[in-house]
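J.: With chain A's structure known, arrange chain B on it following the hints.
The listed protein sequences derive, respectively, from chains A and B.
Counted from 1, the first sequence has number 174 at position 174 by our numbering; the numbering is strictly sequential.
Counted from 1, the second sequence has number 99 at position 99 by our numbering; the numbering is strictly sequential.
Among the hints, a few may not be true.
Note that the list lumps identical chains together, so a pair holds whenever it fits in one copy or between two copies.
[Said to hold, decoys possible] With a straight-line Cα cutoff of 20 Å, these simulated SDA-like cross-link-like pairs (lysine to any residue) come out:
(1) K68 to V84
(2) K68 to S134
(3) K68 to R159
(4) K138 to H17
(5) K138 to E181
(6) K68 to D267
(7) K68 to S191
(8) K68 to G165
Source of the hints: derived by calculation from the structure; they are not laboratory data.
Single-letter residue listing:
Number of protein chains: 2
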Amino acid sequence: MNRTQDRPVTALEPHAHAWSPATARARFRAGLAGPTAGVAFGHTQANLISVPADWAYDVLLFCQRNPKPCPVLDVTDAGSPATVLAEGADLRTDLPRYRVWRDGELVDEPTDVTAYWRADLVSFLIGCSFTFESALTKAGVPLRHIEQDRNVPMYVTDRQCRPAGRLHGPMVVSMRPVQPEHLSAAIRETSLLPAVHGSPVHCGDPAVLGIEDLARPGFGEPVGLRPRDIPVFWACGVTPQAAVMASRPPFALTHAPGQMFLTDARDEQYRVA
Amino acid sequence: MNRTQDRPVTALEPHAHAWSPATARARFRAGLAGPTAGVAFGHTQANLISVPADWAYDVLLFCQRNPKPCPVLDVTDAGSPATVLAEGADLRTDLPRYRVWRDGELVDEPTDVTAYWRADLVSFLIGCSFTFESALTKAGVPLRHIEQDRNVPMYVTDRQCRPAGRLHGPMVVSMRPVQPEHLSAAIRETSLLPAVHGSPVHCGDPAVLGIEDLARPGFGEPVGLRPRDIPVFWACGVTPQAAVMASRPPFALTHAPGQMFLTDARDEQYRVA
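Chain A with its partners taken away, still in its complex shape (with noise of 0.2 Å):
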């Protein structure tokens, strides 16, 4: 399966928003791939990146230094595929579509990543802003990207994250477009899930955050926007992909940008009050 022709997995599988998290694992792991908005919906949905273990603490202290675009959710031990996050899960396996990084270059994107896995990769599940899309849902505010079955786009900024170690680079934002007299609920909604992102970095003008062009998103899909929709921009996952590119780690996998790793967390327990 090529990535240009990844789709969205709803459009795929019209049943997938209600599939549970170990059926998605299973359908990924059999080679479905696409981006996974509304798969599973409800459940958590993660960003992986995997590092030989001597740059795990740079990783680690990355993530600290910058909690929005970087909230650990899970921290395996080195060499071990499995995660408290999902019961019987592969990392090695189950997401729809992986990048394999050297030296910060793109070396490959496959569906599988068991013939790169490594005994010293340690792996980060960082928490991704699909997760908080059922909060905005639940709240009435429309998802332009679901609507229009494309995968979220997700833009590289001019802000850069706080260093640690070896690791430096851009945050990296997710955009949807809201309504403004969807905003404060918008904004409500995501500040209550912090360990997802939390509150926006940004409503409005792209040109704050050194954005040209919606229409020529770093990753992911452009989305359309209606009269009156105002950009509102999340710190995103992608984070921590944009500091490889940067830092130029020896080796690194990573999910492929919006295809997640699908947790049998719920979204709810992410919720802080």
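T.: What follows is chain B alone, placed relative to chain A:
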């Protein structure tokens, strides 16, 4: 100054609640010691643990895996006594009182650790429940330990933290008596401050946490309960000290329980909504 003579700073210095954080740090640098609840009221206080760099990953991972007792506010670069949380502060001198640990044994409790400092020490500043006391006060919840001019009582529970590498140990909690009519406000207000322990881990019968006698805290001082008071327990940043005692790293520095580091941050900065 002998540790057993440490009295709340607010009792020694009637205007300590109105000090700036910089003034508080200067007084502590000059030798003043004692519990800091209420000092520079409204400014964020932090627990300290400093370990050799080869233990830093285990500590950071322990904190990530146990976010209620160990919410990390900042991590220093190895050897640096500076923190982004307090301009011009020196972590070696600016706390009221420290504890020095060798192989998990308490060997000294000085008011200055310059003589113990090492170039490989990484310092972790961890959220403190004193931070949410301003929110509780604003919400009309009386604070018995401040009324009674005592250090807050802290207890070692029978709940084990999730281990991380070589670090393991029980969760420590602080206790505040709350009247039933204030319980809802106490839970709501602290829920909105997840970076400083968040919502209580338990309300009511101390035996549920394996606490045998409220009159004999593991750290701090006992506080008198009034009729109808419900004991409410929050996860506590002394938990890393309990992990040091249980896990015996070769060397560690910590704050003395209740005698915290005063940051320049304001408590409101850690409020999610």
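J.: Hint by hint, say whether it matches the structure.
T.: Results of checking the hints against the structure:
1. With identical chains, the CA atoms of K68 and V84 are at most 20 Å apart between copies only, with a shortest distance of 17 Å across copies and 22 Å within one.
2. Taking the shortest alpha-carbon separations for K68 and S134, only the intra-copy value of 19 Å comes in at or below 20 Å, while the best inter-copy value is 25 Å.
3. For the identical chains of this complex, K68 and R159 are intra-copy neighbours only, at 13 Å inside a copy versus 29 Å across copies, given an alpha-carbon limit of 20 Å.
4. With identical chains, the CA atoms of K138 and H17 are at most 20 Å apart within one copy only, with a shortest distance of 15 Å there and 43 Å across copies.
5. Proximity of K138 to E181 under the C-alpha cut-off of 20 Å is restricted to the intra-copy arrangement: shortest distance 15 Å within a copy versus 31 Å between copies.
6. With identical chains, the CA atoms of K68 and D267 are at most 20 Å apart both within one copy (17 Å) and between copies (18 Å).
7. When the C-alpha separation of K68 and S191 is checked against a cutoff of 20 Å, the pair qualifies both within a copy, at 11 Å, and between copies, at 18 Å.
8. Taking the closest pair of Cα atoms, K68 and G165 come within 20 Å of each other only inside a single copy of the chain (19 Å); across copies the shortest separation is 26 Å, beyond that limit.
Hint compliance for this structure: every hint is met.
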